[in-house]
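2 protein chains.
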Amino acid sequence: MVTRDDGTDVWLYEGKEIVNIGLNAVAGRPPDEYGMEPTALHEMRAGCYDIHERVRDMDANGVLGSMCFPSFPNLCGQLFSRSKDKESALPILKAYNDWHTDEWCGTYPGRFIPLMLPPIWDPEEMAIEVRRMAAKGCHAVSFSENPEKLKLPSFHSDHWDPFWQACSDEGTLVCLHIGSSSSLVVTAQDAPIDVLITLQPVNILQCAADLMWSPVLRKFPDLRVALSEGGIGWIPYLLERLDWIYTRHHAWTGQDFGNQLPSDVFRDRIVTCFIDDPTGIVIRDRVGIDSICWEADYPHSDSTWPTSPEFFMKSMDGVPDTDIDKISHLNAMRHFQFDPFSVRRREECTVGALRRKAHDAGVDTSPLSVESRRTGPKDTSSTFLTKKH
Amino acid sequence: MVTRDDGTDVWLYEGKEIVNIGLNAVAGRPPDEYGMEPTALHEMRAGCYDIHERVRDMDANGVLGSMCFPSFPNLCGQLFSRSKDKESALPILKAYNDWHTDEWCGTYPGRFIPLMLPPIWDPEEMAIEVRRMAAKGCHAVSFSENPEKLKLPSFHSDHWDPFWQACSDEGTLVCLHIGSSSSLVVTAQDAPIDVLITLQPVNILQCAADLMWSPVLRKFPDLRVALSEGGIGWIPYLLERLDWIYTRHHAWTGQDFGNQLPSDVFRDRIVTCFIDDPTGIVIRDRVGIDSICWEADYPHSDSTWPTSPEFFMKSMDGVPDTDIDKISHLNAMRHFQFDPFSVRRREECTVGALRRKAHDAGVDTSPLSVESRRTGPKDTSSTFLTKKH
Numbered sequence: 010m011v012t013r014d015d016g017t018d019v020w021l022y023e024g025k026e027i028v029n030i031g032l033n034a035v036a037g038r039p040p041d042e043y044g045m046e047p048t049a050l051h052e053m054r055a056g057c058y059d060i061h062e063r064v065r066d067m068d069a070n071g072v073l074g075s076m077c078f079p080s081f082p083n084l085c086g087q088l089f090s091r092s093k094d095k096e097s098a099l100p101i102l103k104a105y106n107d108w109h110t111d112e113w114c115g116t117y118p119g120r121f122i123p124l125m126l127p128p129i130w131d132p133e134e135m136a137i138e139v140r141r142m143a144a145k146g147c148h149a150v151s152f153s154e155n156p157e158k159l160k161l162p163s164f165h166s167d168h169w170d171p172f173w174q175a176c177s178d179e180g181t182l183v184c185l186h187i188g189s190s191s192s193l194v195v196t197a198q199d200a201p202i203d204v205l206i207t208l209q210p211v212n213i214l215q216c217a218a219d220l221m222w223s224p225v226l227r228k229f230p231d232l233r234v235a236l237s238e239g240g241i242g243w244i245p246y247l248l249e250r251l252d253w254i255y256t257r258h259h260a261w262t263g264q265d266f267g268n269q270l271p272s273d274v275f276r277d278r279i280v281t282c283f284i285d286d287p288t289g290i291v292i293r294d295r296v297g298i299d300s301i302c303w304e305a306d307y308p309h310s311d312s313t314w315p316t317s318p319e320f321f322m323k324s325m326d327g328v329p330d331t332d333i334d335k336i337s338h339l340n341a342m343r344h345f346q347f348d349p350f351s352v353r354r355r356e357e358c359t360v361g362a363l364r365r366k367a368h369d370a371g372v373d374t375s376p377l378s379v380e381s382r383r384t385g386p387k388d389t390s391s392t393f394l395t396k397k398h
Numbered sequence: 010m011v012t013r014d015d016g017t018d019v020w021l022y023e024g025k026e027i028v029n030i031g032l033n034a035v036a037g038r039p040p041d042e043y044g045m046e047p048t049a050l051h052e053m054r055a056g057c058y059d060i061h062e063r064v065r066d067m068d069a070n071g072v073l074g075s076m077c078f079p080s081f082p083n084l085c086g087q088l089f090s091r092s093k094d095k096e097s098a099l100p101i102l103k104a105y106n107d108w109h110t111d112e113w114c115g116t117y118p119g120r121f122i123p124l125m126l127p128p129i130w131d132p133e134e135m136a137i138e139v140r141r142m143a144a145k146g147c148h149a150v151s152f153s154e155n156p157e158k159l160k161l162p163s164f165h166s167d168h169w170d171p172f173w174q175a176c177s178d179e180g181t182l183v184c185l186h187i188g189s190s191s192s193l194v195v196t197a198q199d200a201p202i203d204v205l206i207t208l209q210p211v212n213i214l215q216c217a218a219d220l221m222w223s224p225v226l227r228k229f230p231d232l233r234v235a236l237s238e239g240g241i242g243w244i245p246y247l248l249e250r251l252d253w254i255y256t257r258h259h260a261w262t263g264q265d266f267g268n269q270l271p272s273d274v275f276r277d278r279i280v281t282c283f284i285d286d287p288t289g290i291v292i293r294d295r296v297g298i299d300s301i302c303w304e305a306d307y308p309h310s311d312s313t314w315p316t317s318p319e320f321f322m323k324s325m326d327g328v329p330d331t332d333i334d335k336i337s338h339l340n341a342m343r344h345f346q347f348d349p350f351s352v353r354r355r356e357e358c359t360v361g362a363l364r365r366k367a368h369d370a371g372v373d374t375s376p377l378s379v380e381s382r383r384t385g386p387k388d389t390s391s392t393f394l395t396k397k398h
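In order, the protein sequences belong to chains A and B. Counting from 10, one number per residue, gives the positions in the first sequence under my numbering. Counting from 10, one number per residue, gives the positions in the second sequence under my numbering.
It is worth saying that the hints were derived from the structure and are not from the lab. Everything numeric in this text was worked out from a predicted model, so none of it was measured. Incorrect hints may have been included.
[What the hints assert, rightly or not] Negatives, chain A to chain B, calculated, CB over 12 Å: (1) Arg13; (2) Ile27; (3) Pro40; (4) Glu179; (5) Tyr246; (6) His344.
[To be verified] Example chain B residues on the side facing chain A (calculated, C-beta under 10 Å, incomplete): (7) Met10; (8) Asp94; (9) Ser97; (10) Ala98; (11) Leu99; (12) Ile137; (13) Ala218; (14) Ile284; (15) Pro287; (16) Val291; (17) Pro308; (18) Asp311; (19) His368.
No residue lacks a Cβ here, since even glycine has one placed at the ideal position from N, Cα and C.
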């Protein structure tokens with residue numbers, strides 16, 4: 010990482026400067042500054058890049074466990090796959106995976122679910138890396154919601170079979186994050202930015218349909234896939250549509266789900282995720298109550314930080330505790346083989362306990378403008394979590 | 010229309026032959042023949058093109074009123090806009106509108122909601138035609154879910170203002186049908202056809218987002234728009250997303266909905282529609298109970314004909330009669346200024362009364378293969394509606 014003459018911090022990779030984009034790291038900024046462009050490390054909350062501050066910010070938000078997707082290497086490691094020097098790319102990617110698992114996640118055991126990147130330019134190497142990382146305890150891998158958009162074979166080819174096989178063997182969950190096809194949903198050239206923001210998750214809806222009708226899930230019956238940051242409210246609609254089409258059209262399209270319906274396969278094998286999705290919670294049984302996970306999206310602009318528990322509980326009105334437990338932690342723990350209670354007593358893991366810890370440590374969550382971060386805070390009005398005096 | 014040497018029937022327009030596509034007119038075929046390609050008139054149910062047979066098929070399905078979107082001129086008249094001879098195109102389009110309203114719909118008063126096509130190549134002429142047709146009692150116009158995909162200006166430009174103004178003045182509902190952008194949602198070149206069928210409605214989701222963030226609805230506060238064949242189960246998810254983005258981002262994106270939220274505007278002004286959408290019915294209040302309309306999609310492959318009332322009532326389990334009335338007819342009557350009860354006593358309009366009429370008229374709804382239509386029926390096994398003997 011280098012600091013440019015204008016004071017901004019950029020990544021340098023194979024001689025190319027890569028800037029951070031504004032909406033990536035806006036936690037703790039006033040909303041009217043969300044669109045401002047990047048940015049130096051000192052303009053962000055330190056929790057965006059410092060693991061110790063990160064955990065303090067998680068504590069302040071009552072969040073015990075977190076999975077961190079990458080920005081700079083792109084969501085499924087596209088940066089490395091675009092390397093001119095592929096011979097260096099593989100060890101660099103492996104170094105990223107080791108750093109992410111051993112240093113970033115490993116510094117705070119029981120607080121992070123490690124997520125590896127795959128060398129998407131070589132399915133055999135992907136399989137080798139999945140197995141290597143599984144042996145280290147990493148059981149999640151980030152892949153593309155649509156590899157064809159990355160100029161790679163689609164879900165419908167057998168190109169990726171070594172990778173799917175390794176994930177299936179190792180119980181490694183394949184995470185398809187919104188945006189991981191590196192393509193935007195553009196309705197019109199003159200559409201305002203709000204349209205783009207609204208439609209970001211549409212690619213993952215397309216991904217879900219693409220995956221469901223592809224051979225992947227039926228060919229690898231133990232494989233599980235997560236639709237990361239995909240939302241849940243749209244899922245029952247899609248499942249009804251899949252079943253409707255299957256029932257009416259399979260006689261001529263030739264699709265075969267044996268004695269199941271597409272919706273059965275989806276609910277068994279696809280892990281879902283939401284930030285704030287009240288309707289999705291109302292219809293949670295139609296989404297699949299054993300697959301829904303919750304996320305805070307810190308430090309992005311969609312994040313509910315630092316009041317995530319308040320947003321969460323508002324949408325849990327009338328939901329029984331057994332379902333709340335599944336959605337808030339049990340589903341994620343099971344699907345990702347993540348057991349924070351093995352390293353920390355359960356009563357230390359509650360929202361209240363974590364927030365008390367943050368309070369005692371003096372974590373300040375008040376919004377700070379970029380200007381304030383440069384010159385020191387001017388606004389000392391407190392939020393619900395005040396700095397310890 | 011001409012019959013080719015191979016026995017197929019095609020439309021001839023400016024010297025170009027235009028075939029019908031298989032999934033368009035498959036009502037009454039066994040599902041394993043849905044994918045079969047076109048087709049001569051005698052291979053279809055006569056209700057696909059003969060108004061008298063059409064009404065008999067509606068009776069057999071317990072359907073009182075229907076709105077007919079065009080196939081051959083394309084959903085919003087793209088055929089005419091592609092004419093080499095634009096001077097002839099306008100009177101031909103007007104002749105289509107007159108035929109559709111006076112002859113097709115007019116032959117059976119109180120059974121059809123007329124739907125005009127606009128001359129999309131000229132917004133001033135669109136306005137003139139909207140006003141001319143409104144004077145004849147036609148209060149619905151088919152337009153494109155995304156005009157930019159038709160190489161025309163988007164919803165975000167002021168290009169269409171004369172058209173929006175005329176629709177607003179005349180109380181003419183603008184119908185945006187799935188597929189009216191003439192563009193397909195393609196995930197991958199080798200994706201099976203099921204993916205395409207599943208994702209057809211995704212364009213209308215994009216259309217809804219595009220429209221909501223465009224100036225159109227705020228600039229023309231009396232204008233109403235219908236998302237024709239768009240489904241409803243996905244709508245609460247979209248509305249939550251619109252409100253979320255508006256609340257969090259409007260400070261920097263500059264969007265302004267005054268003292269409303271985007272979801273308020275949507276529920277006030279956008280008419281929605283479904284074929285079979287059980288989850289959408291469960292969450293109908295979040296969709297907007299005063300805007301949901303029902304459709305049968307006869308004679309397309311998604312149609313529930315001839316058992317639409319049975320599908321409909323299955324999804325109405327537990328729904329109060331006031332809501333069933335709104336969804337089954339009152340919403341459509343109000344939004345489209347359609348009053349079938351002015352020409353027919355209410356008790357003649359029930360599913361039971363209509364089906365009795367079809368039964369007495371000997372309407373046969375048993376599936377017939379293409380081969381049978383050529384050679385006469387072989388399979389005489391009855392369905393729930395048997396031919397009168």
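Going down the list of hints, with the structure as the test:
no.	hint	in the structure
1	Arg13	holds, 24 Å
2	Ile27	holds, 23 Å
3	Pro40	violated, 5 Å
4	Glu179	holds, 26 Å
5	Tyr246	violated, 3 Å
6	His344	holds, 22 Å
7	Met10	violated, 27 Å
8	Asp94	violated, 29 Å
9	Ser97	violated, 30 Å
10	Ala98	violated, 25 Å
11	Leu99	violated, 26 Å
12	Ile137	violated, 26 Å
13	Ala218	holds, 4 Å
14	Ile284	holds, 9 Å
15	Pro287	holds, 6 Å
16	Val291	holds, 7 Å
17	Pro308	violated, 14 Å
18	Asp311	holds, 7 Å
19	His368	violated, 26 Å
Checked against the numbered hints above, the structure breaks hints 3, 5, 7, 8, 9, 10, 11, 12, 17, 19 and satisfies the rest.
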